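*Asks:* Residue numbers (my numbering), protein chains in the order written: chain A, 37 to 342; chain B, 37 to 342.
Mixed in with the good hints there might be a few duds.
In this list, chains with the same sequence are indistinguishable; a pair is considered to hold if it fits within one copy or across any two.
Unchecked claim - Calculated lysine to aspartate or glutamate pairs in the EDC-like style (CA-CA distance at most 20 angstroms, straight line):
#1 Lys-163 with Glu-196
#2 Lys-127 with Asp-137
#3 Lys-68 with Glu-149
#4 Lys-316 with Glu-142
#5 Lys-247 with Glu-142
#6 Lys-39 with Asp-307
#7 Lys-127 with Glu-340
#8 Lys-71 with Glu-101
#9 Lys-245 with Glu-318
#10 Lys-245 with Asp-102
#11 Lys-199 with Asp-225
#12 Lys-127 with Glu-196
#13 Lys-199 with Glu-278
No lab work stands behind these hints: they were computed from the structure. Keep in mind that this is a model prediction, so the values were computed, not measured.
There are 2 protein chains.
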Amino acid sequence: MEKTLIFGHKSPDTDTICSAIVMENLQKKLGKEAKAVRLGNLNKETEYVLNHIGVDAPEMINEIEDGQEVILVDHNEFSQSVKNIENAKIKMVVDHHRICDFQTSEPLYYRAEPVGCTCTILYKLYKENNVEIDKKIAGLMMSAIISDTLLLKSPTKTQEDEKAIEELEKISGLKAQEYGLDMLKAGTDLSDFTANELIALDCKVCSLKDKSAKVAQVNTADIADMMKRKEEIEESIKNDIEKDNLDLFVFAITDIINSNSQVIVLGKSSDIFERGFGKKLEDNTAFLPGVVSRKKQILPVLQENA
Amino acid sequence: MEKTLIFGHKSPDTDTICSAIVMENLQKKLGKEAKAVRLGNLNKETEYVLNHIGVDAPEMINEIEDGQEVILVDHNEFSQSVKNIENAKIKMVVDHHRICDFQTSEPLYYRAEPVGCTCTILYKLYKENNVEIDKKIAGLMMSAIISDTLLLKSPTKTQEDEKAIEELEKISGLKAQEYGLDMLKAGTDLSDFTANELIALDCKVCSLKDKSAKVAQVNTADIADMMKRKEEIEESIKNDIEKDNLDLFVFAITDIINSNSQVIVLGKSSDIFERGFGKKLEDNTAFLPGVVSRKKQILPVLQENA
C-alpha cells in the first residue's frame, strides 16, 4: 500500500494542484508521510504557475486500491474524485465547496469554510499549527487564491482570501496584481485545445435532483474570439451528452477582464437553465452579465430550479 | 424567521446539549445572534450536569421552518436531526462523527475532527478565536468530554480530549475524577424509565447498506440489574422494529465501571451482528468484553458486515 495520497478533483485547476502540493508540504512538516498526486492534465494557467515558481507537477493517477488512505483537497463529491474513492479510507478533507455525494464509515478530520479558495484554509492551517510557510509554498497558495477569485474580483472572494493574499505577497516576493494578470492570461490561451478538450478542461459533474448535468467553464480575455468556435464546441457537447447520458450541459465562457460570461447550454433539461436565469436561450446561448463564479452564481441557480 | 438555531441530535445526550449551549455562548461572544435548542428530553446525566453547574436547559423544538438558518453540533446525519432539516440553511457543523446522509446546496463551515467529544473541538475554537472561556462554559465542556469518553476510559478518547479536560478542570474549578464519577452514576439511575423510554434514551438510527437499523445504548454500574428487565426490553424492541420497519435493533447495556457491554439484539438481520462480532446470540443476547463505544466499536463492525 502506498503512503497517504493527497489529491484534488478531476479536471484539475490551479487550486486543486497547488492545494495538493501545499498539503503534502504541511503534512511533512507535521511529521506525516504523504504524497500529492493529480487526477488529470494540467491546464495552461497551472503550467504557468508551476514553471514560474519552479515546482514539479504531481504524478498522475487514475484510480486507487481498496483501503488506500487519502486526503482530499478542493473537493468532496465522489463523482468529482478518483476512481474507487468509495473504498478508500478518507483521513481528511480540506475544501471550500458544498458537501454532497460524500460519506465515510468512520470519523475523520473535515475542514470546510465558505471562502474563495482551498489554499486560504491551508494558509490558516499553517498558522494554527505554527508551521512556517516557505517562499515557494507561499507562491503556490497565492496563485491558487488569485485563480479561484479571479484576482479578488469574483463574488466568492472573502476578507480571509484578501488577508491571505496580502501576507503571501510578502513571503513569496511576487506582486499579486502583476503576476496574477500574467497568470490568468496564460490560462486563457486555449488555441491549442480541441473542442473536446475545451469542454473537459474544467468540468464539474453534478446531480440536479434526479437529473445528471455537467457545468464546464473556461476563462478568456475575449468572448467573441471563443464564440468563433461555437459550432465545434456544440458538436463536442452533444457527443458528451450522448456518451454520458446527461440531461444538461452548461459551458460557461468567462471574461476575466470584464467579469461576464457567455454560456452555451444543451441537453433535454435546458429548461432548468432558462427557468433559473429567467432567460430564453437563443441559438443555445445566452449572455450573463456579472456572472463569473460557477460555484456561487451558476450551480446554486441550477440546483434550486431542478 | 427565528435567529440561527443551534442543536445536536435527537435523543440528546450530555455532549449534544452542552455543545449547543456552548456554541450559543461562542457565537454571541463573536458578535453573532444564535440560540441553542434541543430535540428531545434530557437524560438524567445531563439533568445532573445542568443542575450542578446552574444552567437552564435549552428550549425544545420538534421541527423547523423552510429556510431556517441552523448550526448543527454533535451530528450531521439528517436521520438524526430535526424534522425538515432538508430544507434548512445549514451555516455550520461542528461534529466528531463520520459524515453520512448529509448534504448542502451551498458552501458552509464544517469542522469535524476524530476526537472523543464535540466539546473538545469547541474548546479549540475558543482558543483559535481568542475568546475567553467562562467558568460555567468550562464546566459544561468538561462534563461533555467526561460523558463521551467515560472519564477518558473509552477508546474514542484522544490526547486532545485529555488536554482539554486538564485545562477545563482549572477554569471550571471542578475535579474531573470526583465530579465525573458522580455525574456518570447519576446517568445510570434508569429505574424511573419504562422499557420504551430505555430503548429511546440514546438511540441512533443508521443505514447499513440497504438495511435500516437502530443502535441504542444505556450506561449502568450493574449489568445484571438491568438484565432483570430483559423481557420487557425485548418486547419494546420488537414493537419498535415493527413500527419503524427495522431490519436490526442492537441495545447495548454498557458497564461504565468495568468497561464491558451486554447487548440485546433483535431483527431479521441479526446475522450482521453475529458475523461482525463472531458470536452466536444466545437467547438474543451476547457479552462484549471491553466494548464501550458505539461509534468506535459497534457501528463500524455492523457497517463492515452489512
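*Asks:* Against this structure, judge whether each hint is valid.
*Replies:* So, going through the hints one by one against the coordinates:
no.	hint	verdict
1	Lys-163 with Glu-196	both (13 angstroms within a copy, 18 angstroms between copies)
2	Lys-127 with Asp-137	both (17 angstroms within a copy, 18 angstroms between copies)
3	Lys-68 with Glu-149	between (24 angstroms within a copy, 17 angstroms between copies)
4	Lys-316 with Glu-142	neither (46 angstroms within a copy, 26 angstroms between copies)
5	Lys-247 with Glu-142	between (30 angstroms within a copy, 18 angstroms between copies)
6	Lys-39 with Asp-307	neither (46 angstroms within a copy, 35 angstroms between copies)
7	Lys-127 with Glu-340	between (32 angstroms within a copy, 17 angstroms between copies)
8	Lys-71 with Glu-101	within (15 angstroms within a copy, 45 angstroms between copies)
9	Lys-245 with Glu-318	neither (26 angstroms within a copy, 46 angstroms between copies)
10	Lys-245 with Asp-102	between (29 angstroms within a copy, 18 angstroms between copies)
11	Lys-199 with Asp-225	neither (30 angstroms within a copy, 53 angstroms between copies)
12	Lys-127 with Glu-196	between (26 angstroms within a copy, 17 angstroms between copies)
13	Lys-199 with Glu-278	neither (45 angstroms within a copy, 57 angstroms between copies)
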